[in-house]
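J.: Work the whole structure out from these sequences, hints included.
Protein sequences appear in the order of chains A and B.
Residue numbering for the first sequence follows this note's numbering, starting at 53 and increasing by one per position.
Residue numbering for the second sequence follows this note's numbering, starting at 263 and increasing by one per position.
Everything labelled a hint here was simulated from the structure, so no lab data went into it.
Watch out, some of these pointers could steer you wrong.
Calculated lysine-lysine pairs in the DSBU-like style (CA-CA distance at most 30 Å, straight line) [to be verified]:
1. B/K435 to A/K261
2. B/K363 to B/K264
3. B/K363 to A/K161
4. A/K141 to B/K279
5. A/K279 to A/K269
6. B/K268 to B/K487
7. A/K234 to B/K279
8. B/K279 to B/K363
9. A/K141 to B/K271
10. A/K279 to A/K233
11. A/K205 to B/K268
12. A/K64 to B/K363
13. A/K125 to B/K279
14. A/K125 to B/K363
15. A/K161 to B/K279
16. B/K435 to A/K66
Being a predicted model, the structure only gives us computed values, none of them experimental.
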Amino acid sequence: MIRMLNINKSYKKKQVLFDFSLDIETQREEIIGLLGPNGAGKTTIIKIITGLLGYTDGDIQIGGKENYVEWCKNNVALIPAGERGLRYKSTVYDNIMYFSAMKGVEEAKIEALIFEFADFLNFEDYLNRRVETLSMGEKKKAMILCGLCMDMKVIILDEPSNGLDIDAQANLKDIIKTLSKKLNKTFLISSHDIGFLDGIVNHYVFVFKGRKAGEVKAEMEALEILKIYQEIKGNFGGCDETIS
Amino acid sequence: MKQYLKAVKWEVILDLKEYARYRMGLVMDFVVFTGMFIAIYYFGVNSGFASFYHVDEAGGSILMLIGYIFWQNSSAALGYLSSTISGEMERGIFEMRLQSKFSVEGILFCRLLISCIIHVVTYIGILGFCGLVVGYDGRDVVAIFLSILLSFPALVGMYGMGLVFGCVNIIEKSAGSIIFVAQTVLLLITNTLSPSRDMWVNFVPFSCGIEIMRNIYIGENVSPKLVIMYVLVNVIWLLVGCLCFRKALKYERAYGSFDSY
Numbered sequence: 053m054i055r056m057l058n059i060n061k062s063y064k065k066k067q068v069l070f071d072f073s074l075d076i077e078t079q080r081e082e083i084i085g086l087l088g089p090n091g092a093g094k095t096t097i098i099k100i101i102t103g104l105l106g107y108t109d110g111d112i113q114i115g116g117k118e119n120y121v122e123w124c125k126n127n128v129a130l131i132p133a134g135e136r137g138l139r140y141k142s143t144v145y146d147n148i149m150y151f152s153a154m155k156g157v158e159e160a161k162i163e164a165l166i167f168e169f170a171d172f173l174n175f176e177d178y179l180n181r182r183v184e185t186l187s188m189g190e191k192k193k194a195m196i197l198c199g200l201c202m203d204m205k206v207i208i209l210d211e212p213s214n215g216l217d218i219d220a221q222a223n224l225k226d227i228i229k230t231l232s233k234k235l236n237k238t239f240l241i242s243s244h245d246i247g248f249l250d251g252i253v254n255h256y257v258f259v260f261k262g263r264k265a266g267e268v269k270a271e272m273e274a275l276e277i278l279k280i281y282q283e284i285k286g287n288f289g290g291c292d293e294t295i296s
Numbered sequence: 263m264k265q266y267l268k269a270v271k272w273e274v275i276l277d278l279k280e281y282a283r284y285r286m287g288l289v290m291d292f293v294v295f296t297g298m299f300i301a302i303y304y305f306g307v308n309s310g311f312a313s314f315y316h317v318d319e320a321g322g323s324i325l326m327l328i329g330y331i332f333w334q335n336s337s338a339a340l341g342y343l344s345s346t347i348s349g350e351m352e353r354g355i356f357e358m359r360l361q362s363k364f365s366v367e368g369i370l371f372c373r374l375l376i377s378c379i380i381h382v383v384t385y386i387g388i389l390g391f392c393g394l395v396v397g398y399d400g401r402d403v404v405a406i407f408l409s410i411l412l413s414f415p416a417l418v419g420m421y422g423m424g425l426v427f428g429c430v431n432i433i434e435k436s437a438g439s440i441i442f443v444a445q446t447v448l449l450l451i452t453n454t455l456s457p458s459r460d461m462w463v464n465f466v467p468f469s470c471g472i473e474i475m476r477n478i479y480i481g482e483n484v485s486p487k488l489v490i491m492y493v494l495v496n497v498i499w500l501l502v503g504c505l506c507f508r509k510a511l512k513y514e515r516a517y518g519s520f521d522s523y
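T.: Here it is as structure tokens:
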């Protein structure tokens, strides 16, 4: 289990996280939804969980074992927001081999995973296409394929629904749900899109203004989530941005 | 170790494929480095070398060419490392690299080495020009070949220097034209274009290498002190570069976000 304890984070003089605590189960399938408006601090939380960013105060523990940042390098895969994190001039296949090799995965294993997941994602025909020739939705699928082939315990997706059309979003939701069950992996999804999280997430964490504003460990319908969200938003005195 | 080599292998495969597919960068380097060399040649810089080293005009040109080979290799290394770090920061690859099991510095050095080996093709311009205008004899060809080989240890120091500039990319996200300025300064203040035996010049990673090679060319003994200095200066630059780079990463982890573009 990843245990974040009272994490505070500042970017120079601006504090962006306040006493943020969260337990993430890594031994059984779990899909955590990090829900909050734009600028709430979701990406910062994700970057801290991936070991990319440090924190000003607090602690992160991983079963009382090794150094957390080193553990992340062997166990966490990040699928970044937007269209970042791929080598555009290379093919999807080469990107997967490249990023998975960076994580120290055996070549034979990567090869096997590529064809297994590409088949699952219905993406075999795109493997030899250069990333720069793909649409935004296809790039997102390529990034997910990359993340999956790294064969990590925890897969983190930052705003995965951004830029995806309705069909692609539905397809991605199915993929995450099925893979979580099939591979017994932990997914952490940051989003401001309730419609995307609805039906797949079984652990909601609400983030407002850098604080954990609430947590529900159950599957919920969109309307239920929205109700809780509105209540929390009221408690936080409203927000400039809203979720959809 | 096996996993590390596999990671390096995929870095090299992707780089080679991208080089093969997008040759424009290499062509531009070829044009710029050759054009600059031709301009420098017609400024008559070679006569300074001829009188300083007591050789004829043609020998002066080869001595100038030796310096230029060292500078071109080092300058290309500096440019490559800086543009790789800033490009990867911009496209989010650097963040992925930081989550890799393997040290960023080691992988970057392997990529730099491969890039510089590929970059050797850009020497065709200056070697061809010099061959046509000055003409080569057997000794010149050996000297040119040795210069290319001897310029490679300087990549260690240039890599360290590149990491120092990479820190600017990591913290400030853009280094602007600082690399171009650095390349120009290195061309003008070192012993590349004008003979110099000032001690301070030797603190530039490739300067001792130039002096060693010129001594070999004119048949003088190479002082062991100069060889030790060549090695030492490069190791020091490497250590300084790695130290600064680690500090910059630590700073960015604490106060930055790696992606504020």
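J.: Quick one, are B/K268 and B/K487 close enough, alpha carbons at most 30 Å?
T.: Violated, because 39 Å separates the two Cα atoms, which is more than 30 Å.
J.: Given the hinted pair A/K141 and B/K271, is their Cα-Cα distance within 30 Å?
T.: holds, 17 Å
J.: Are the Cα atoms of B/K363 and A/K161 separated by 30 Å or less?
T.: The given pair, whose Cα atoms are some 17 Å apart, holds under the 30 Å limit.
J.: Within a Cα-Cα threshold of 30 Å, do A/K64 and B/K363 meet the stated pairing?
T.: Given pair A/K64, B/K363 holds - Cα atoms ~28 Å apart, limit 30 Å.
J.: Assess, step by step, whether the Cα of A/K279 is no farther than 30 Å from the Cα of A/K233, and give holds or violated.
T.: Status holds; Cα separation ~28 Å.
J.: Going straight from one Cα to the other, do B/K279 and B/K363 come out at no more than 30 Å?
T.: holds, 24 Å
J.: Is A/K279 close enough to A/K269, meaning Cα to Cα at most 30 Å?
T.: Since the Cα atoms of A/K279 and A/K269 sit roughly 16 Å apart, the hinted pair holds (cutoff 30 Å).
J.: Run the distance test for A/K161 versus B/K279: straight-line Cα separation, threshold 30 Å.
T.: holds, 23 Å
J.: Mind checking the alpha carbons of A/K141 and B/K279 for me, to see if they're no more than 30 Å apart?
T.: holds, 9 Å
J.: B/K363 and B/K264: Cα distance at most 30 Å?
T.: Judged against 30 Å, a Cα distance of about 13 Å means the pair holds.
J.: Please work out if A/K125 and B/K363 have their alpha carbons no farther apart than 30 Å.
T.: Holds, at about 5 Å.
J.: If you draw a straight line from the CA of A/K125 to the CA of B/K279, is it 30 Å or shorter?
T.: Holds, at about 27 Å.
Hints 6 and 7, counting from the list given before, are not met by this structure.
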